[in-house]
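Asker: Mind docking these for me? Both chains are given alone in their own frames, and the hints should help you get the complex.
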Amino acid sequence: MSNKSTMEFQSNKDFFSRVNLFVQTHTALMAVIIAAILFAATIIINPRSLNLVAIGNIVLLTVILSIPAAGQTLVLIGGGMDFGVGAVMSATAILTTYTMRGENGHFLPVLLISIAIGVVVGFVNGFCSVKIGLPAMIVTMAIANIVTRLQYILTQGVLSGTASPLLASTVKFKIGGVIPHVAVYALIIWPLVFYILNKSRFGKQLYLVGNNPTAAKLTGIKVDKVRIISYIFSGVLAAFAGIIGAAYMSTARCQIFDGYAYDSLIATIIGGTTFAGGSGSYAGSIAGSLVMVLLSNLLTSLNLASPIRNVLNAVILVLLLMLYNRGKAVRQ
Amino acid sequence: MLEMRGIHKRFGAVVALNDASLSVNEGEILALAGSNGSGKSTMIKVLAGLVAPNSGKIFFDGKEVAIHSGTDSVKEGIATAFQDLSLIPTMSVQDNILLGCEPKKNGFVDEKKARKIVLELLEKFHIDCDPDDYVQTLMPSTQSMLEVAKAVYRKPKILLLDEVTASLHYDEIETLFGIMRELKAEGVSMIYVTHRMNEIFQICDTITIMRSSNTVISGKVSDFSLDDIVYYMTGARPEHSDTVAEKAEDFADRELVVDVKDLAIAPKVKDISMKAYKGEIVGIGGLEGQGQSEVIRAILGAVKPEGGSIDYLGKKTKFKAPADGVKAGIGFISGERNVEAMFPIRPISENIFAGNSAKNRMFKFLTKKEVRKFSQDAVDKYNIKIGKLKDPASSLSGGNQQKLVVARWIAMKPNLLLLDDPTKGVDIHSRQEIHDIIRECAANGMTVIISASDTEELMNISERIYVFYEGKVAAMLAGPEKTQERLVSAMMGINENKKEELAE
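Chains as they are written, first to last, in my numbering: chain A, 710 to 1041; chain B, 24 to 527.
Among the hints, a few may not be true.
[What the hints assert, rightly or not] Below, simulated BS3-like cross-link-like pairs (lysine-lysine); rule was C-alpha separation at most 27 Å, straight line:
(1) K436/B to K926/A
(2) K411/B to K908/A
(3) K350/B to K931/A
(4) K926/A to K447/B
(5) K327/B to K934/A
(6) K926/A to K98/B
(7) K338/B to K926/A
(8) K908/A to K404/B
(9) K908/A to K391/B
(10) K926/A to K86/B
(11) K931/A to K387/B
(12) K840/A to K387/B
(13) K396/B to K931/A
(14) K931/A to K392/B
(15) K350/B to K840/A
(16) K934/A to K382/B
(17) K86/B to K98/B
(18) K341/B to K926/A
(19) K327/B to K293/B
(20) K391/B to K931/A
(21) K840/A to K327/B
(22) K413/B to K387/B
(23) K391/B to K934/A
(24) K447/B to K908/A
(25) K908/A to K382/B
(26) K926/A to K396/B
(27) K926/A to K382/B
(28) K291/B to K338/B
(29) K840/A to K382/B
(30) K926/A to K343/B
(31) K908/A to K350/B
(32) K926/A to K291/B
(33) K934/A to K343/B
(34) K338/B to K931/A
[Unchecked claim] From chain A, some residues computed to sit far from chain B (all C-beta separations above 12 Å):
(35) A825
(36) T1009
(37) M1031
Source of the hints: derived by calculation from the structure; they are not laboratory data. Built from N, CA and C at the ideal position, the CB exists for glycine as well.
This is chain B alone, in the form it adopts within the complex (with noise of 0.2 Å):
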């Protein structure tokens, strides 16, 4: 019914996708599998008419067909519910439902009607609100069903759900699945992207798997095994091992600088333990969005613990702001850095200068001198290749803005430096450069903790790997349990499904 064939998409220098393709018949539910970044969501977002493929056909019923936008994919009779919900939280419910296909009576919106419509939808998704209240208002599990529902509600003959479930509880999962069933009885196609495999083997007829931008194969889901599934998501087949858990460490030599106990933060952080050691480097893996960012962020004190404790050089840490963390020695370095880090219309001088101004007396004497000086010195240091000191700093490259950026804070000697995914959308000799940076500080006794989304950098530079899965510690991996395959397992949380499993 579908197909798309021999798709490309680059942004910049980054491919998102290469030669991608896959197909779905009528009444057919296709899974859409891969890792953090193998392009699954831009797949989603080309049939979406968001992105525009650079080149590549799209056939719908023998025919080819143009989506150059969101109007040209709905005409087509596409339906999206996205994974960062399309909904407008200052908007009520019945009218996010309805935007855009509002029911019409002489010209005029039949109130009548439309009111029925939502509260019918809202009974068959279980869906427990009113349809006057504001959006912003609801769970995010709610807002999540919503943004099915109102794909669902406009009649689509094909629907893209992408990772709707990632915020679900096991109930809704369950209505979602039924409907599901429902609109594939009725002949209603659907490609369905999740990170969790159960729900793979629940719910899907065929599987598409994408790895690094490319489509690796298609077929039955009832022809694959699990492990099948991860080693064409990974290319590594993922070991089983009960194993897999914290064991007693030996680093009682060592001075402990973060001792992170019971931490939870909602709604995705729900019980996380992690140490981390002097002059260690501390990995965090696992699936986009299971908690790595927010206790990162907690660590710095960006964040505010809902319950547990957080013991920095062995006090029970109050930070306020970030701020308090930065003065008593710790650095962040995010991965966002258009949205986190950087300062783009400020010169690059003071772009690397901007940790130091944080620091000392507001209104003691500052030269130009000491800054320029203080700048140039972690431009010839870090290798960052500028024009001048004086330009923009959106002047640089991106890999070279990321060195900047890890340049402010090794400038600043850190006890503790925290990275969330520095290397995202980094080029791989700049990333190159940062790693051997951060293994220098490192091996002259700075503390590091960074999460990655890609496993092999992780693999590469972590010492000890936690794996969060679903805001929990799925596993912690050191000396020769660190492997690549454990580290797939455990980030799938397939030693939990398994258990689950098992329990059913």
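Looking at chain A on its own, in the form it has when it is part of the complex (with noise of 0.2 Å):
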């Protein structure tokens, strides 16, 4: 099969055929290639970015995005999607500044209560989607809806509390003032998704439910158990990303990471992952995330106003949304 792909990409000789054929086999490299190009335009464009507060800046924000975008492979690759990780992001960043006000030693609660939270999100949006058989979009949007409003019922829509000065340190404080002390928590949580998926029985079969639920189902697999533990997967990342995006902003109004929703998804559709299921890779995602948070660098330094900065952006992520989707180039 590889020598008759060859042939056909070699008969081929038009030339968006053949971008789109490398970009359809190797989506994770492209991804790197990507946020490659990003970087090279931004520091040709403005010189003054490359410097080392800036790229530390870059790898905190990557590591944010990187997580709910685990969580988001992990339901594309079943099947699904899941709109509702930046409500639970926002809501988790809540409780954390609200329960922390500053002062250090409420940890442990804290992550116990966002996990809580994340799982019991995860398990609705799950069931709801799989068992009940609501369509995901509509279902983990509309549950979404419940978590934002909710949070308002909380705060009355007020800002309130700090993280506390420890956990802020961990996501601000620079290890030779390059290295921000996220990538500890980068540490943590990459491995263990990587685990997930591609060293457990769980992973293998996440991707065979996604590509063929039928036969998953008469091969022995519990399909709807799977798909509802990626949901949890899901609800579980993004309950904790809040966490640390607390830390990060050290105040927390309702909705703060709303858009990571959007932007988790469209990381991890750049990384490669289908809305078809059954393919895609965590390290496509991070790489998705890196050309998120780097596209929206690059435009920050043309010094434009922010809508049409902000409607730059998403030309552009259409345009490459497209580059990704136009169809299975190779085989019949």
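Answerer: As structure tokens, this is what we get:
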């Protein structure tokens, strides 16, 4: 088959098809290449952006985005979709600042309650979309809306409290002035997700379920269970990301991280995971997160008005997604 | 009036039609007969414009016509009632019947006239439903009648009926035959495909018999006896005997693995009882859709039986999902590999490992080496021709894909292996290899239940054969009684038909 596809590759002189083919067979690598191009462009436009503080910030934001993107990756591979990660992040961020009120020593209860929130929201999302069979996009958005409204009920929309100094320092402090401490979280989360996806039976089952649920069921896989667990992972990972987000922002208002729902989804798609399910990798999603951060970084360095920046950002993302989803080029 | 000459059709390596022909005159009902996979449905599809033949000619009133699409077919005055219904489940009865030929007034649909037409049709076909009912809410038999009504509404010159009586009740068939006779008097020609032999004698004037993609013989129905038809369909003379029934079994010394008692699953399975002993290869025979798939799936736990019971290793099963069956040591190999077995975009290694990954604890550490070794062993042992283990499974040929699925389960060493028409569309060489693997496993103590549409395959591989007909066991063939002839007559339900005739 590899011979066949090379033949087809050569016979196809159309430049765009060739680019397309490359993109579709090397998705994770593509995300890295796009990231490199974006970074190079930023430096050319504004050479001053090549400094340690800026690079440290890029690392930090990429790590934060890569956590909800991990959950999104799991859910998408299993054939679902989770629009609720942003709302969960916002909720646990608020929980963190409210509970800590700028004092050390509340980390464990915050962590446990946050995880509980993640489990509950993830389970409800999974149960409604998998067992009841409602469309994942609608259900996760609706549940996210409930989570958001609860934030307002809890806080009355008022800002209150800050993350504890210790927690904040784990994010902001930089080793040697460059590598932010947040990298430590990445060292925990990234291998964990990698293990789940590639080194456990659950990971294997998840890919099979996403590719062909009927066959998976007849092969003896508990399809519903696997899918619901993927939503629970997504909820828990988002909950954890919310705590780190609170540490980064110090204070948290309602809906502060809602944008992460879309950002994590797009980062995951850019990283090569497909809406159809059954394929994708977490390495790709991390690279995709880097692309998202670098793109917004580039547009910031252009000194444009914020609305125009947002429009440009969206247009570029649409173009990227078109490049990725132009159908399967190779096989019949 | 209509003539098809020298039709050839290939699907990849599979030859569906090879120099097939038929002809039908005005006001004539032609029976198109043949066993599973003989090509009769493909002939219908060629006429309906769903399948484009590789070569061959179609003549209409002596003039050659080209049918490239469904629209061409309709233009020539052909209407088709399909076996797998062409109705749209989420539309109303009225919209379905009129779809594409609504009565119009000033460019809009004439609702009054439309309602009148539909009510008349429903009355004529004795269909008991409201024109506004959604099709998906109707009984399968009502849907089949609607399918015919829809075709008749198009006032065709030629009406194609592809196994429409399969799910009909006795009185509905009578109604249908009445309408067919009326249409015949009006000069409409019909091509009628059925598995039920007695229907051919009841309603058809002429008959064309197909066997393995070829037209074998054509002629007047009155010139054929039942035995003749079966002979031309299968190449074997049916053998009549009243002893084709379950005889006392001599398996006392063998462990009973599966014991199915009075199983019923609507709509196809009515009353099935069968047994399988340790190390035995039990065949399930029958025409397509007599309940074979449902029974096999019920044993696995994928389908919930409505009546009766299934004992596995002496205990009544309470499987809620296939996962429970797999856990209890049951493996399942489906012939519908694209839908039910393959994970096309996943690597070959993961495809082979799939059954294994469903077992054990979910988050236990799993090394790449373990997966690779498991799959490499299977590839070597069962001689599967692959590129690399990490290539997607879709890169394999059909025969090798099926060998992969077989290897997936055999490597798990199941206690009981269920196979549902496992060699469908598989080349002869791979088929032989799969048979060898199954025989070897049975010799080592694995119990095998296999259904197959190919009678020869069934004769070759199984020790005993249960023949299903209309959701019941028509015969159990073993030992000297296991002959191609008996198998064929049981498949056609001939014994039953004889009884019916006596009753009349």
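Asker: Would you mind confirming whether the straight-line C-alpha gap from K338/B to K926/A stays at or under 27 Å?
Answerer: OK: K338/B and K926/A at ~23 Å, within 27 Å.
Asker: Does the structure keep K926/A and K396/B at a Cα separation of 27 Å or less?
Answerer: holds, 24 Å
Asker: Between K327/B and K293/B, is the straight-line Cα distance small enough, at 27 Å or below?
Answerer: holds, 14 Å
Asker: Hey, K908/A versus K350/B, does the alpha-carbon distance stay inside 27 Å?
Answerer: Given pair K908/A, K350/B holds - Cα atoms ~22 Å apart, limit 27 Å.
Asker: Does K392/B sit within 27 Å of K931/A, going by the straight-line distance between their CA atoms?
Answerer: holds, 25 Å
Asker: Quickly compare the C-alpha distance for K350/B and K931/A to 27 Å and report which way the hint goes.
Answerer: The hint holds at about 11 Å.
Asker: Over 12 Å to the closest beta carbon of chain B is the bar; see if T1009/A clears it.
Answerer: Non-interface label stands for T1009/A: nearest chain B Cβ at 38 Å, farther than 12 Å.
Asker: Sort out whether K934/A lies within 27 Å of K391/B, counting only the CA atoms.
Answerer: Distance of about 24 Å is within 27 Å: holds.
Asker: Would the hint linking K341/B and K926/A be met if the CA-CA limit is 27 Å?
Answerer: Since the Cα atoms of K341/B and K926/A sit roughly 17 Å apart, the hinted pair holds (cutoff 27 Å).
Asker: Hey, K934/A versus K343/B, does the alpha-carbon distance stay inside 27 Å?
Answerer: Roughly 14 Å between the alpha carbons, so the hint for K934/A and K343/B holds.
Asker: Has the given pair, K436/B with K926/A, been kept, meaning a C-alpha gap of at most 27 Å?
Answerer: The given pair, whose Cα atoms are some 19 Å apart, holds under the 27 Å limit.
Asker: Take the C-alpha atoms of K926/A and K86/B, compute the straight-line distance between them, and say whether it is at most 27 Å.
Answerer: violated, 53 Å
When held up to the earlier numbered hints, the structure conflicts with 6, 10, 24 and fits the remainder.
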